[in-house]
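Number of protein chains: 2
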Amino acid sequence: MSSLLVVGSLAYDSIKTPAGAVEKTLGGSANYFSLAASLFTQVKVVGVVGEDYSPRDKEILLKRHVDLSGVETVKGKTFHWEGQYEGDMNEAKTLKTELNVFEHFNPKLPASFSKSEFVFLANIAPELQLQVLEQVEFPKFIGMDTMNFWIHSKKDKLKEVLKKVDVILINEGESDLLTSSNNAIQAAPKIAELGPKMVVIKRGEYGFVLYSQEHGYYLLPAMPIPTVIDPTGAGDTFAGGFFGYLAQHNTLPTFELIQKACVVGTLCASFTIQDFGIKALEKMTLDDLKHRLASYKKAVLIEDNLFKI
Amino acid sequence: MSSLLVVGSLAYDSIKTPAGAVEKTLGGSANYFSLAASLFTQVKVVGVVGEDYSPRDKEILLKRHVDLSGVETVKGKTFHWEGQYEGDMNEAKTLKTELNVFEHFNPKLPASFSKSEFVFLANIAPELQLQVLEQVEFPKFIGMDTMNFWIHSKKDKLKEVLKKVDVILINEGESDLLTSSNNAIQAAPKIAELGPKMVVIKRGEYGFVLYSQEHGYYLLPAMPIPTVIDPTGAGDTFAGGFFGYLAQHNTLPTFELIQKACVVGTLCASFTIQDFGIKALEKMTLDDLKHRLASYKKAVLIEDNLFKI
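The listed protein sequences derive, respectively, from chains A and B.
Numbers 1284 to 1592, taken from my numbering, label the letters of the first sequence in order.
Numbers 1284 to 1592, taken from my numbering, label the letters of the second sequence in order.
Incorrect hints may have been included.
Given that identical chains are not distinguished, each listed pair holds provided it fits within a single copy or across any two copies.
With a Cα cut of at most 27 angstroms, we get these calculated DSSO-like pairs of lysine-lysine [as the list claims (entries may be wrong)]:
1) 1398 with 1360
2) 1580 with 1562
3) 1581 with 1341
4) 1423 with 1591
5) 1473 with 1580
6) 1566 with 1591
7) 1591 with 1358
8) 1358 with 1379
9) 1379 with 1438
10) 1447 with 1299
11) 1581 with 1591
12) 1341 with 1437
13) 1566 with 1299
14) 1573 with 1360
15) 1480 with 1581
16) 1591 with 1580
17) 1346 with 1591
18) 1398 with 1566
19) 1566 with 1442
20) 1442 with 1591
21) 1591 with 1573
22) 1442 with 1391
23) 1562 with 1440
24) 1379 with 1580
25) 1438 with 1591
Honestly, the hints are just simulated from the structure, not real lab data.
Source: prediction; values computed, not measured.
Between the sequences and the hints, there should be enough to build the whole structure, so can you do that?
Next comes the structure, spelled out in structure tokens:
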């Protein structure tokens, strides 16, 4: 098992979906990521919260042996996001973003974090992603996420980060935007040219596309879930399951291991969307994942002997 | 090998895509369907063409031992469709539809066609689909397609057809429209309640979803094709590969056989989109399909032992 560091947001989210609404529920990329990853390995979180952040919300990660010594509490309020989903629920409409304490986030790693081998830079400003990397001594495997906002406003800094990471996990719409492509199959090779040896494009209900120049494409649909309650955090959960699984294996990830990690990420995300916020993810166990894997394999397996000889 | 009947359009298409443009190239659901299906079984076509329909275009199907004795030539011009693709190419923008001889199409089956066991009703008016069914004596397995236009204008007649078929193959947007759903996973069970025991929703680049009440979901992404030249006919090609494969097996299709047929349909469609019109499909061989199956399986296979015990 290798140490896994994540830098990202700890937040309160207010979410409306066709299934209902929740006010200021626990959210943020680092929380979703850590809940999924901590099923596989020990997670260390770097982030910032306000004075309003509830000790009970910290407790949720502490129970999973997540190291929160890199989470700073500062004067002010925790990052608050308000969003709404309609129709196919593939994309949230942001109603409000209150950065609060996140606005002056200046990630500093505790000494014990600097030896982390696996590092995931969740969706934060590219210069902060770089600042975190500078504080890690010998990273073995680095991943990142990003979003439209940074692609528009900080493309040069973003390209610096892209040169330093082994894998990027990015939404389909954002991968198109980054590379002026029309779909994930076109975008993935263009992203690989920007730096990351491995590219994972998250397609929501349509699953994922993994690509490397050496090994080509690997892709699967999402687990079929008839009733999606709240898609918030599905992408961060995918990243958590993906990175937790890789870190657990304690080797430099091969393409085959990364293929498996994509499946694990897909399975984890399929739980997140079944309830609001982190509710379903918090309850998810390794046994749940094993059972779901069995159903998933049945749903996507190609039988042998399709063509008689 | 069972006999396979298809009723659908024979057309000339004018198509613009980011890769180029073609004028009045051979198209129509029955042509795409037959070219794919004839790799597996003998196909009989019911349709109508105008006096301008080139003997060379008939020759393309005759070379594949397709029985065209149900194709009537009448005074006037062949059905002409003009469309354009942009962006993600998942949907064509129709620029012009000249029904011409198709407007008064009145499908009449030659006596030798009435004993067909497998029947595919491509996208034509629901009352014409019913009219064809009335002329088949003991159909073993019936499939259908439809489109927005009939869902809007002929919903009652469409529901009559739905009650008589074993399988429907339908686009994702159209399945949503038919059932007021937001995605294929929601729509499929609702369609199954309208009649067809098996529902296949075609998702373009995202592949397909197969559903039956008894067996649940089976789904896969499309083959990753980096350069799509022209998506026209991909859905009809899918249907042709699917039905040809089923008819070849000469048994009442099990869910397992239908799963395999969906994979065959996916593989066939992946050729069609690699060139304009029927160009790539015309050249496609069973060997090509076998090779592509090997790449496809590699691209979507889930390794065993994902979770250690």
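Right, here's what the structure says about each hint:
no., hint, result
1, 1398 with 1360, "neither (31 angstroms within a copy, 75 angstroms between copies)"
2, 1580 with 1562, "within (25 angstroms within a copy, 35 angstroms between copies)"
3, 1581 with 1341, "neither (37 angstroms within a copy, 42 angstroms between copies)"
4, 1423 with 1591, "between (46 angstroms within a copy, 23 angstroms between copies)"
5, 1473 with 1580, "between (30 angstroms within a copy, 24 angstroms between copies)"
6, 1566 with 1591, "between (46 angstroms within a copy, 21 angstroms between copies)"
7, 1591 with 1358, "neither (69 angstroms within a copy, 45 angstroms between copies)"
8, 1358 with 1379, "within (21 angstroms within a copy, 63 angstroms between copies)"
9, 1379 with 1438, "within (24 angstroms within a copy, 42 angstroms between copies)"
10, 1447 with 1299, "neither (37 angstroms within a copy, 41 angstroms between copies)"
11, 1581 with 1591, "both (22 angstroms within a copy, 19 angstroms between copies)"
12, 1341 with 1437, "neither (32 angstroms within a copy, 57 angstroms between copies)"
13, 1566 with 1299, "within (22 angstroms within a copy, 51 angstroms between copies)"
14, 1573 with 1360, "neither (39 angstroms within a copy, 60 angstroms between copies)"
15, 1480 with 1581, "between (30 angstroms within a copy, 19 angstroms between copies)"
16, 1591 with 1580, "both (23 angstroms within a copy, 16 angstroms between copies)"
17, 1346 with 1591, "between (54 angstroms within a copy, 24 angstroms between copies)"
18, 1398 with 1566, "neither (30 angstroms within a copy, 57 angstroms between copies)"
19, 1566 with 1442, "neither (37 angstroms within a copy, 43 angstroms between copies)"
20, 1442 with 1591, "neither (49 angstroms within a copy, 37 angstroms between copies)"
21, 1591 with 1573, "between (33 angstroms within a copy, 10 angstroms between copies)"
22, 1442 with 1391, "within (22 angstroms within a copy, 63 angstroms between copies)"
23, 1562 with 1440, "neither (35 angstroms within a copy, 45 angstroms between copies)"
24, 1379 with 1580, "neither (39 angstroms within a copy, 44 angstroms between copies)"
25, 1438 with 1591, "neither (52 angstroms within a copy, 41 angstroms between copies)"
The structure does not agree with the numbered hints 1, 3, 7, 10, 12, 14, 18, 19, 20, 23, 24 and 25 stated previously, though it agrees with the rest.
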